[in-house]
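J.: Just so you know, the sequences run in chain order D and U. FYI, in the numbering used here the residues of the first sequence are 5 to 352. FYI, in the numbering used here the residues of the second sequence are 5 to 352.
Any copy will do: because identical chains look the same in the list, a pair fits if it lies in one copy or spans two.
Simulated crosslink set (DSBU-like; lysine-lysine; CA at most 35 Å straight-line):
hint, residue 1, residue 2
1, Lys-45, Lys-104
2, Lys-258, Lys-286
3, Lys-338, Lys-165
4, Lys-125, Lys-44
5, Lys-310, Lys-183
6, Lys-183, Lys-311
7, Lys-165, Lys-103
8, Lys-348, Lys-183
9, Lys-251, Lys-20
These are computed hints drawn from the structure, not numbers from a lab. In this text the structure is predicted, and so the values were computed from the model without any measurement.
Protein chains: 2
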Amino acid sequence: MKLENDLLLRALTKQKTERTPVWVMRQAGRYLPEYREVRKKAGDFMTMAKNPEMVCEVTLQPLRRFPLDAVIIFSDILTIPDAMGMGLYFVTGEGPKFKKPISTAEDVDNLPEIDVNHDLKYVMDGISLTSQTLNRKVPLLGFCGSPWTLMTYMVEGGSSKNFSKAKSFLLNQPQASHKLLQKITDASINYLNAQIASGANAVQVFDSWGGALSPEMYRVFSMDYMQKIVQGVKKENPETPVILFSKGVQYNLKNLANTGADCLGVDWTTDLSLARELTQDKVALQGNMDPCVLYAKDSVIEEEVKKVIDSFGEGNGHVFNLGHGMQPDMQPEKLEVLVNAVRKFSEK
Amino acid sequence: MKLENDLLLRALTKQKTERTPVWVMRQAGRYLPEYREVRKKAGDFMTMAKNPEMVCEVTLQPLRRFPLDAVIIFSDILTIPDAMGMGLYFVTGEGPKFKKPISTAEDVDNLPEIDVNHDLKYVMDGISLTSQTLNRKVPLLGFCGSPWTLMTYMVEGGSSKNFSKAKSFLLNQPQASHKLLQKITDASINYLNAQIASGANAVQVFDSWGGALSPEMYRVFSMDYMQKIVQGVKKENPETPVILFSKGVQYNLKNLANTGADCLGVDWTTDLSLARELTQDKVALQGNMDPCVLYAKDSVIEEEVKKVIDSFGEGNGHVFNLGHGMQPDMQPEKLEVLVNAVRKFSEK
Chain D
5 MKLENDLLLR
15 ALTKQKTERT
25 PVWVMRQAGR
35 YLPEYREVRK
45 KAGDFMTMAK
55 NPEMVCEVTL
65 QPLRRFPLDA
75 VIIFSDILTI
85 PDAMGMGLYF
95 VTGEGPKFKK
105 PISTAEDVDN
115 LPEIDVNHDL
125 KYVMDGISLT
135 SQTLNRKVPL
145 LGFCGSPWTL
155 MTYMVEGGSS
165 KNFSKAKSFL
175 LNQPQASHKL
185 LQKITDASIN
195 YLNAQIASGA
205 NAVQVFDSWG
215 GALSPEMYRV
225 FSMDYMQKIV
235 QGVKKENPET
245 PVILFSKGVQ
255 YNLKNLANTG
265 ADCLGVDWTT
275 DLSLARELTQ
285 DKVALQGNMD
295 PCVLYAKDSV
305 IEEEVKKVID
315 SFGEGNGHVF
325 NLGHGMQPDM
335 QPEKLEVLVN
345 AVRKFSEK
Chain U
5 MKLENDLLLR
15 ALTKQKTERT
25 PVWVMRQAGR
35 YLPEYREVRK
45 KAGDFMTMAK
55 NPEMVCEVTL
65 QPLRRFPLDA
75 VIIFSDILTI
85 PDAMGMGLYF
95 VTGEGPKFKK
105 PISTAEDVDN
115 LPEIDVNHDL
125 KYVMDGISLT
135 SQTLNRKVPL
145 LGFCGSPWTL
155 MTYMVEGGSS
165 KNFSKAKSFL
175 LNQPQASHKL
185 LQKITDASIN
195 YLNAQIASGA
205 NAVQVFDSWG
215 GALSPEMYRV
225 FSMDYMQKIV
235 QGVKKENPET
245 PVILFSKGVQ
255 YNLKNLANTG
265 ADCLGVDWTT
275 DLSLARELTQ
285 DKVALQGNMD
295 PCVLYAKDSV
305 IEEEVKKVID
315 SFGEGNGHVF
325 NLGHGMQPDM
335 QPEKLEVLVN
345 AVRKFSEK
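Construct the entire structure; sequences and hints are all you get.
T.: See the structure below:
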């Protein structure tokens, strides 16, 4: 059965579209009062993330307000290490934490293999329910974190400013690091394939901290593992579009275009015209407005949306998005201005 | 009178050197126990920064331990807004704060012009005393923050994660923003010229947050004002080398090379070979090892130092530095390994 609105899937595969599809990262989030209601009812973040009804509800909330071209399943990139028994919890204002961080090669060896359909059943249930409820109105996106990004949290024990522990681990214990990254990669491939089997129409890999590495370390410790994920997904689901989003890795866009991914996410520090040049138009591009523009006046938001659309220029393969997620203190009305502006300026 | 060791000044102006000169950002800092002693005696950060004897002492401390090719005056980039009456103070673990942040165009109009020789006399006294004590052993660097970087602290009222207030100010009040940036620029030009008159042999402009802006906004709101600073310094001190260091602005290196600066700081996310290509060898380059390498084993530090030196390749105009400052939890012995490795691998 065909999707009612398949603009996103066509753009991701560089087919012609009547206008530029738009969704934004963290569109299901704290900036929406109706999200905060559910969050309050759940008590804590993981209780909400593990409840399929709540997941379905918050995933669909932004679509009720704005004419978006996709929804992304509400979840967290740290579900995999949590399923590996690391004890994920959230401290308000401090972000995610792990009870048992990785600090030795032995810790890596002791990490269990996970069965995604069992250990992460709640994610698949959330996707199935959302997919049914959505009833093929727009595509549903699944996602996971990149192996390197997950590794930073797993080794640091939570968020970090300069990733000193995770980088020391890479530098001092490269073998154990590769073992850890491979374990995460194997789990991620199964995880994304299970998400697709449950109803996800496309998937995105979030590499939030790739840009903290030098170009060489990025290729060895982050990009290569994302490429393995792309291959593992494509092997089982050749038709499902895969998006890779690494923040701040401008010069590796050229290499990322050869990973087999259909689309690359681009942040606002790289012009889309330059990104097209670097990727030689081999892939679709997603992005790239600075989310801070949503703090501006409506007229400024419209101008900035137009600039992004113009910077991509003629041709197929652009998905409008922010270069980073929505912030909790943003006004929902501003996102409406953005979505309408994308429609207005990209209509052909 | 000639400097005993003028390697840095020669490298900054792309003259031949027997080996690559090395200094590192925040080399006078909390990772040194003797620095923590002085800091403890002072009580708080600004008391130390305003005491010329203490400034001289901590500036010279790293030179007693390591054979460095330069020292940088101990101070803070926020001395200018402090002198403008914004009320700078430091909260342990939270960084700098301002009692009276800028939030309106009127606040900008009300910012007073400063007389750097009077209002920032303590900086000049610190430089004079350090210069005398140093007795021309190695060059003494002066510095200031970039106008955009100072603006972020002045508008946010302190550190920030995503600069939402400062960016909103740029987007919603571009005229007031330009007025503010020009006021900071005027003060910075006088400030650097006064530092040179007091004994600084070269100066660096720190643009810590340029990389948070889109390429276009970077050029309009950050780079153009740094260029004015370069021009203002060169007008009065044509022989004094000027270094610009913007973090994470790879694609603007090409434009930065045309600002008139002698040298550009490069962080570890850009290979030096690429930086040379982008800047067409018009300027010297300073950098660019990831400071996190200093958490690694000695042998890894040596390998990484060699990689940086090799990535610059043949030719003149390289100053070895880290891509960011020393961290408080680093071991002083590791910096010694780095400095010795630079000497060993770059000796011609």
